[in-house]
Amino acid sequence: MFGLAICYKNGEGTEKDLEKAFHYYQKAAEIDHIEAMASLAYSYYSGEETEMNIEKAFYWNQKVMESDKIGSKNEIDLCIECKQLYIGYHWCQQCNSRRFQQDFLKWTSKNEFIDKFV
Numbered sequence: 159m160f161g162l163a164i165c166y167k168n169g170e171g172t173e174k175d176l177e178k179a180f181h182y183y184q185k186a187a188e189i190d191h192i193e194a195m196a197s198l199a200y201s202y203y204s205g206e207e208t209e210m211n212i213e214k215a216f217y218w219n220q221k222v223m224e225s226d227k228i229g230s231k232n233e234i235d236l237c238i239e240c241k242q243l244y245i246g247y248h249w250c251q252q253c254n255s256r257r258f259q260q261d262f263l264k265w266t267s268k269n270e271f272i273d274k275f276v
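Residue numbers (the working numbering): 159 to 276.
Any given hint could turn out to be false.
[Said to hold, decoys possible] Listed below are the simulated EDC-like cross-link pairs for lysine to aspartate or glutamate, each with C-alpha atoms no more than 16 Å apart in a straight line:
no.	residue 1	residue 2
1	167	190
2	174	206
3	178	209
4	167	177
5	214	188
6	221	193
7	167	206
8	221	190
9	221	188
10	178	206
[What the hints assert, rightly or not] Pairwise CB distance ranges (calculated):
no.	residue 1	residue 2	range
11	159	209	20 to 26 Å
12	270	217	52 to 58 Å
13	168	266	33 to 39 Å
14	170	252	15 to 21 Å
15	263	216	36 to 42 Å
16	274	252	29 to 35 Å
17	273	212	44 to 50 Å
18	177	269	22 to 28 Å
19	273	176	42 to 48 Å
20	274	172	43 to 49 Å
21	275	211	49 to 55 Å
22	188	275	51 to 57 Å
23	224	159	31 to 37 Å
24	170	225	23 to 29 Å
Simulated from the structure, these hints should not be mistaken for lab results. Beta carbons are placed, not taken as given, at the ideal position from N, Cα and C, and that holds for glycine.
Using the sequences plus the hints, can you model the full thing?
The following block contains the structure:
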């Protein structure tokens, strides 16, 4: 069910439909799918697929944190840069992309000849 949610969210193999994505997040979360729970927390926090509801975001975040599944303790948190809810490492997707772009602009091979071609 979580896979269907992702397909509807991103429009992969079907038309993009955020309501259906949210529906399938809920169905998957009901059977204790950690990523679905984290996605629900984010959806309620951001208001992206449903109406913003901080209480429900907190509820689903707590469900993730209380889960005994491996890795669940670090599944959801606030982005280091923008303090938005994220699922993953230390940054939300937008800040992580921006960080990589900035880092790439400063990149050098330490070889002047090669850098001219790159």
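Hint check results:
1. Annotation: proposed proximity of residue 167 to residue 190 is violated, straight-line Cα distance about 20 Å (limit 16 Å).
2. A C-alpha spacing of about 13 Å is found between residue 174 and residue 206, which places the hinted pair at or below 16 Å, so the restraint holds.
3. Proposed proximity of residue 178 and residue 209 is supported: the alpha carbons are some 14 Å apart, at most 16 Å.
4. For the suggested pair residue 167 and residue 177, the alpha carbons sit about 9 Å apart, so the restraint of at most 16 Å is met.
5. At roughly 14 Å between alpha-carbon atoms, residue 214 and residue 188 fall within 16 Å of each other, so this suggested pair holds.
6. This hinted pair checks out: residue 221 and residue 193 have alpha carbons roughly 11 Å apart, not beyond 16 Å.
7. Under the criterion of a C-alpha separation no larger than 16 Å, the hint pairing residue 167 with residue 206 is consistent with the structure, at around 10 Å.
8. Distance check on the hinted pair: residue 221 and residue 190 sit about 9 Å apart at the alpha-carbon level, within 16 Å; holds.
9. A distance of roughly 11 Å separates the Cα atoms of residue 221 and residue 188; the hinted pair therefore holds under the 16 Å criterion.
10. Distance restraint check for residue 178 and residue 206: the Cα-Cα separation of roughly 12 Å lies within the 16 Å cut-off, and the hinted pair is therefore satisfied.
11. In this structure the hint that residue 159 and residue 209 lie 20 to 26 Å apart at CB holds, the actual value being about 22 Å.
12. About 56 Å separates the C-beta atoms of residue 270 and residue 217, a value consistent with the hinted range of 52 to 58 Å.
13. Distance hint for residue 168 and residue 266: a CB-CB separation of about 35 Å, consistent with the stated range 33 to 39 Å.
14. In this structure the hint that residue 170 and residue 252 lie 15 to 21 Å apart at CB holds, the actual value being about 20 Å.
15. At roughly 38 Å, the beta-carbon separation of residue 263 and residue 216 lies within the given 36 to 42 Å, and the hint holds.
16. Residue 274 and residue 252 have their C-beta atoms about 32 Å apart, which keeps the hinted 29 to 35 Å range intact.
17. Checked against the hint of 44 to 50 Å, the C-beta distance between residue 273 and residue 212 comes to roughly 48 Å, which is consistent with it.
18. Checked against the hint of 22 to 28 Å, the C-beta distance between residue 177 and residue 269 comes to roughly 53 Å, which is inconsistent with it.
19. Evaluation of the 42 to 48 Å hint for residue 273 and residue 176 yields a pass: the beta carbon distance comes to about 44 Å.
20. Separation of residue 274 from residue 172 is about 46 Å and conforms to the stated range, judged on CB atoms against 43 to 49 Å.
21. About 52 Å separates the C-beta atoms of residue 275 and residue 211, a value consistent with the hinted range of 49 to 55 Å.
22. Our hint of 51 to 57 Å for residue 188 and residue 275 holds, since their Cβ atoms are close to 54 Å apart.
23. Distance hint check: the CB atoms of residue 224 and residue 159 are about 21 Å apart, inconsistent with the given range 31 to 37 Å.
24. Between residue 170 and residue 225 the beta carbons are some 27 Å apart, a value that agrees with the proposed interval 23 to 29 Å.
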